[in-house]
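Asks: Here is how the chains run, residue by residue.
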Amino acid sequence: MSDDELIWRIAGGSGDGIDSTSQNFAKALMRSGLDVFTHRHYPSRIRGGHTYVEIRAADHEVQSRGDGYNFLLALGDSFARNPQEDAFYGNEEIKPLSENLDELREGGVIVYDEGLLSEEDVADLDLEERAEENGWHVYPMDLRSLAREHGREVMRNTAGVGATAALLEMDLEHIEDLMEDAMGGEILEANLEILHEAYETVRDEYDFTHDLRAPEGEHEEEQALLSGSNAIAYGAIDAGCRFIAGYPMTPWTDVFTILSQNFPDMGGIAEQVEDEIAAAALALGASHAGAKAMSGSSGGGFALMSEPLGLAEMTETPLVLVEAMRAGPSTGMPTKPEQGDLEHVLYTSQGDSSRVVFAPGNVAEAYDQTRMAFHVAYEYQIPVIVIYDQKLSGENTNVDVSFFDREPEPTLGSTLTEEELREAAHDASGKFQRFQHDVEDGVSPRSLPGQKDGRYLATGNEHSPVGHISEDPDNRVYQMERRLEKLEAIREELDEEHDSQQTYFGDETADFGIVTWGSSQGAVEEAVARLNEQGHSVKGVGVSDMMPFPEAEMTEFVESVDEVMVVEMNATAQFRGLMQKELGRYGEKLSSLLKYNGEPFEPAEIVEGYELNVDGADEEPTAQVRIEPAAGD
Amino acid sequence: MSAFNAIGEDREIDRDEFTPGVEPQPTWCPGCGDFGVLKALKQALPELGLTPDEVLTVTGIGCSGKLNSYLDTYGFHTIHGRSLPVARAAKLANDGLEVIAAGGDGDGYGIGGNHFIHTARENHDMTYIVFNNEVFGLTKGQTSPTSPKGHKSKTQPHGSAKSPLRPLSTSLNAGATYVARTAAVNPNQAKEIIKEAIEHDGFAHVDFLTQCPTWNKDARQYVPYVDVQESEDYDFDVHDRREAAEMMFETESALYEGTVLTGRYYVNEDRPSYQEEKRALGDVPDEPLAERYFDDDYEWERSYDLLERHK
Ligand SMILES: Cc1ncc(C[n+]2csc(CCOP(=O)(O)OP(=O)(O)O)c2C)c(N)n1
Ligand code: SF4
Ligand SMILES: [Mg+2]
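The listed protein sequences derive, respectively, from chains A and B.
Going left to right, the first sequence walks through residues 345 to 977 as the working numbering numbers them.
Going left to right, the second sequence walks through residues 320 to 630 as the working numbering numbers them.
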């Protein structure tokens with residue numbers, strides 16, 4: 345837990361504009377030279393309900409939310425005030441203040457809107473007493489009146505930002521610039537006035553008792569602030585994807601929206617359709633006809649895609665699907681993250697599955713692995729799924745702008761041109777052999793409808809080399825083995841021609857290893873760094889290749905340590921199960937740290953998990969996590 | 320230069336080109352109405368100057384789904400009920416293709432009913448042929464959405480309590496712009512209707528009565544049939560939605576009373592197709608998307624140029 349970081353939490357009602365305010369404040373911090381990471385907490389409703397966004401900013405890389413936080417801007421929930429709706433909202437107004445106190449660090453700062461939160465309500469909280477106990481510094485301010493005076497009440501967020509900047513002794517320059525980018529005219533003027541008024545009032549009239557100030561930092565190059573969903577969408581764009589079909593579902597909707605908004609300007613096609621079966625089937629149809637296409641959904645919608653997914657496997661139609669996990673089963677907790685769909689995505693649909701699954705660990709990996717997904721899908725004619733979650737979807741972090749300065753890859757992979765088609769294998773009757781038996785890497789190049797002399801039948805039935813339905817046992821074995829051979833070839837290409845998609849960190853010589861996958865990577869990385877600072881010797885790996893499994897890499901990792909703790913956000917240790925299945929052993933070496941309360945891991949929980957695992961197996965963890973011992977332990 | 324040179328190719332076309340070398344003889348039961356659809360297509364396509372390589376036939380699952388095993392075009396034999404979403408996306412990606420979707424009454428009006436409604440509603444420029452044999456053929460004769468009320472099958476031993484779905488009316492209400500019914504026993508009309516459907520710029524739906532002598536033992540042979548355009552007993556305007564709706568209702572009811580009415584029911588040439596609507600909004604490129612991947616000069620847009628808003 346470093347002192348040189350700011351973790352600012354802005355809390356209010358959902359619908360209060362917390363998102364855009366925090367996005368701009370994060371950008372201002374980024375522009376000032378800091379690395380930032382955002383974490384968004386919100387209920388599954390449009391209006392009302394307590395929500396917050398946390399921005400962590402430091403002069404060094406931040407890849408995770410922190411443990412607790414040190415600055416609270418409590419706006420009060422303005423949507424809790426409608427007297428007609430008392431029955432629903434009750435006294436929720438105070439929640440942005442009351443509900444956030446438990447995680448505020450010692451010595452933390454509180455600014456709350458005394459214009460919205462009544463004195464009695466605040467008194468009921470014993471705020472003074474608690475502040476004393478915890479060394480908090482409380483600065484009430486009437487943000488509401490200030491906003492009303494110069495503009496409109498909704499602008500109290502701006503007043504809060506002004507107060508924050510004053511207390512942290514931040515320059516207003518970046519905040520002003522961002523406001524100027526976002527608005528104009530009277531609205532801009534009013535907001536600027538409010539910003540300055542709040543800033544100056546706090547600076548001139550408040551006695552500062554706190555030590556916290558905004559950290560200072562410098563970037564070597566220009567930064568961009570992006571979410572995991574942005575990164576997935578941009579990876580798709582740079583891979584030449586120009587067709588998306590979908591049906592809204594949180595949190596997948598973000599990727600769907602970003603591409604739907606961008607495609608028209610790029611000559612792309614975005615289709616919102618009747619259901620997810622159609623969505624996946626459309627992506628399949630577009631790909632079959634020669635477009636780079638994708639679809640996606642979250643758990644429930646992805647379940648509907650099972651059958652088209654299997655059809656893509658059987659007809660060897662390139663297809664990229666993204667699956668944005670949220671807490672299940674069923675409707676579960678729609679706005680909460682969980683890593684519970686791994687097995688769903690790996691095995692859904694009938695028959696032996698032949699698909700590729702990547703689980704990016706952070707924003708940059710989300711971009712890279714989405715590009716890789718398209719590369720693999722179109723080169724090997726196989727469905728590729730990028731699995732991520734509500735956490736990675738919504739978290740924003742800064743990335744070097746130059747990271748995106750690369751050539752696009754709009755190739756159709758193993759698709760023939762008409763010229764190549766003329767040279768390609770045809771049978772005795774002159775029919776193109778779309779599904780030849782003996783081909784390198786199991787990949788039999790495809791033609792596209794409309795190309796001369798390339799016609800064939802794509803069918804979900806087992807089929808002969810020209811695509812004709814066939815139940816011949818020899819052909820069946822050939823085709824099955826050829827389709828599965830592609831997975832081996834993909835593994836080989838990933839191992840030999842690209843940098844590993846697994847991310848390694850910590851002390852290489854350690855004999856305790858922590859394994860995680862997908863978006864839990866950042867918290868694990870930070871926990872491992874902390875453990876090493878504390879004198880423990882620990883290494884870690886964030887795994888992204890779910891299928892084909894990186895057997896060699898994982899064997900090496902597990903062999904190199906005495907014990908492994910697998911950290912994941914689900915209750916049944918799905919990834920640990922996958923490791924054991926794929927590696928065929930190590931049951932006695934692998935324990936689990938599991939969390940499934942709807943909140944992502946904080947680094948401290950992983951540190952504690954390690955400690956309990958190593959020395960205190962009998963003790964109960966303090967956090968809402970579960971330790972699942974290794975087999976035979 | 321196009322990467323798809325079969326599209327729009329102008330040459331002599333031999334009817335036999337549509338007969339695959341692999342399995343020229345369909346395995347449908349003798350007397351099956353599905354032969355009638357195949358035959359009509361094999362005649363219609365060359366008469367329209369279409370070559371096998373510019374046609375994409377997308378089918379569902381059922382006896383009817385085998386259509387493209389016996390019709391040598393580009394084919395996609397999909398899964399039960401899902402031919403339409405696959406087909407319409409292929410058309411969006413490359414609208415030079417002549418896209419024909421086909422499947423059974425169970426496939427299209429039952430399990431795929433949602434796609435049927437929405438594809439008609441959107442008025443995609445394609446042809447949809449439903450092999451309506453009023454029964455599940457492939458799975459051995461269970462009641463289908465168009466089986467008559469009271470129809471007995473192994474899964475409805477006391478007879479079906481459900482009234483049949485009205486395919487023509489459903490299609491019209493959903494938004495189809497060409498709606499016709501024909502029958503396997505009426506080959507000339509079938510061929511002509513299929514030709515019109517293919518040429519129609521919009522969603523053309525043909526409810527094709529295909530007798531199933533194996534499972535529909537009531538021996539529905541769809542004879543005698545009446546062509547509503549030719550018969551003096553019927554007089555309505557296919558361009559008039561209300562008259563069309565009434566005629567459809569009458570036709571659907573009559574079928575269950577033993578009178579087989581066929582013909583064109585609704586034709587709307589004014590409504591733009593979905594592709595046209597979307598193109599007018601700037602949501603579909605002028606050149607088919609599929610061509611772009613073969614265009615070496617195309618300057619692909621990059622995310623790098625979208626970063627301003629993130630800085
Ligand atoms: C999802 C799914 N459910 C069920 C089936 C089994 N099935 C195959 S064809 C069919 C019905 C066929 O009836 P219809 O669509 O009318 O086609 P027909 O055989 O009569 O031409 C069924 C239920 C399947 N293949 N897939
Ligand atoms: S079962 Fe009926 S529909 Fe199927 S092939 Fe035989 S006759 Fe035709
Ligand atoms: Mg049928």
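Mixed in with the good hints there might be a few duds.
[Unchecked claim] Here are the simulated EDC-like pairs of lysine to aspartate or glutamate, each with C-alpha atoms no more than 16 Å apart in a straight line:
1. Lys630/B - Glu565/A
2. Lys796/A - Glu763/A
3. Lys796/A - Glu511/B
4. Lys514/B - Glu610/B
5. Lys358/B - Asp546/B
6. Lys630/B - Asp609/A
7. Lys630/B - Glu895/A
8. Lys597/B - Asp609/A
9. Lys796/A - Asp554/B
10. Lys597/B - Glu441/B
11. Lys630/B - Glu517/A
12. Lys630/B - Glu763/A
13. Lys630/B - Glu897/A
14. Lys796/A - Asp546/B
15. Lys630/B - Glu596/B
16. Lys630/B - Glu687/A
17. Lys630/B - Asp525/A
18. Lys925/A - Glu763/A
19. Lys481/B - Glu511/B
20. Lys796/A - Glu331/B
21. Lys796/A - Asp749/A
22. Lys468/B - Glu441/B
23. Lys358/B - Glu331/B
24. Lys630/B - Glu566/A
25. Lys796/A - Glu441/B
26. Lys925/A - Asp959/A
27. Lys510/B - Asp556/B
28. Lys630/B - Glu520/A
29. Lys630/B - Asp521/A
30. Lys358/B - Asp335/B
[Claimed, not checked] Per the computed footprint, the stretches of chain A lying under chain B, defined by three or more beta-carbons under 8 Å from a beta-carbon of chain B, are:
31. 802 to 810
32. 817 to 823
33. 862 to 875
34. 910 to 921
Everything labelled a hint here was simulated from the structure, so no lab data went into it.
Just so we're clear, the structure is a prediction, and the values are computed from it rather than from any experiment.
We put the CB at the ideal spot given by N, CA and C, even for glycine.
Asks: If a hint holds in the structure, say so; if it does not, say that too.
Replies: Quick rundown of the hints versus the structure:
no.: 1; hint: Lys630/B - Glu565/A; result: holds, 12 Å
no.: 2; hint: Lys796/A - Glu763/A; result: holds, 9 Å
no.: 3; hint: Lys796/A - Glu511/B; result: violated, 27 Å
no.: 4; hint: Lys514/B - Glu610/B; result: violated, 27 Å
no.: 5; hint: Lys358/B - Asp546/B; result: violated, 19 Å
no.: 6; hint: Lys630/B - Asp609/A; result: violated, 21 Å
no.: 7; hint: Lys630/B - Glu895/A; result: violated, 39 Å
no.: 8; hint: Lys597/B - Asp609/A; result: holds, 13 Å
no.: 9; hint: Lys796/A - Asp554/B; result: violated, 46 Å
no.: 10; hint: Lys597/B - Glu441/B; result: holds, 10 Å
no.: 11; hint: Lys630/B - Glu517/A; result: holds, 15 Å
no.: 12; hint: Lys630/B - Glu763/A; result: violated, 45 Å
no.: 13; hint: Lys630/B - Glu897/A; result: violated, 37 Å
no.: 14; hint: Lys796/A - Asp546/B; result: violated, 39 Å
no.: 15; hint: Lys630/B - Glu596/B; result: violated, 36 Å
no.: 16; hint: Lys630/B - Glu687/A; result: violated, 37 Å
no.: 17; hint: Lys630/B - Asp525/A; result: holds, 11 Å
no.: 18; hint: Lys925/A - Glu763/A; result: violated, 45 Å
no.: 19; hint: Lys481/B - Glu511/B; result: violated, 33 Å
no.: 20; hint: Lys796/A - Glu331/B; result: holds, 15 Å
no.: 21; hint: Lys796/A - Asp749/A; result: violated, 38 Å
no.: 22; hint: Lys468/B - Glu441/B; result: violated, 31 Å
no.: 23; hint: Lys358/B - Glu331/B; result: violated, 19 Å
no.: 24; hint: Lys630/B - Glu566/A; result: holds, 8 Å
no.: 25; hint: Lys796/A - Glu441/B; result: violated, 30 Å
no.: 26; hint: Lys925/A - Asp959/A; result: violated, 28 Å
no.: 27; hint: Lys510/B - Asp556/B; result: violated, 22 Å
no.: 28; hint: Lys630/B - Glu520/A; result: holds, 14 Å
no.: 29; hint: Lys630/B - Asp521/A; result: holds, 11 Å
no.: 30; hint: Lys358/B - Asp335/B; result: holds, 11 Å
no.: 31; hint: 802 to 810; result: holds (count 6)
no.: 32; hint: 817 to 823; result: violated (count 0)
no.: 33; hint: 862 to 875; result: violated (count 0)
no.: 34; hint: 910 to 921; result: violated (count 0)
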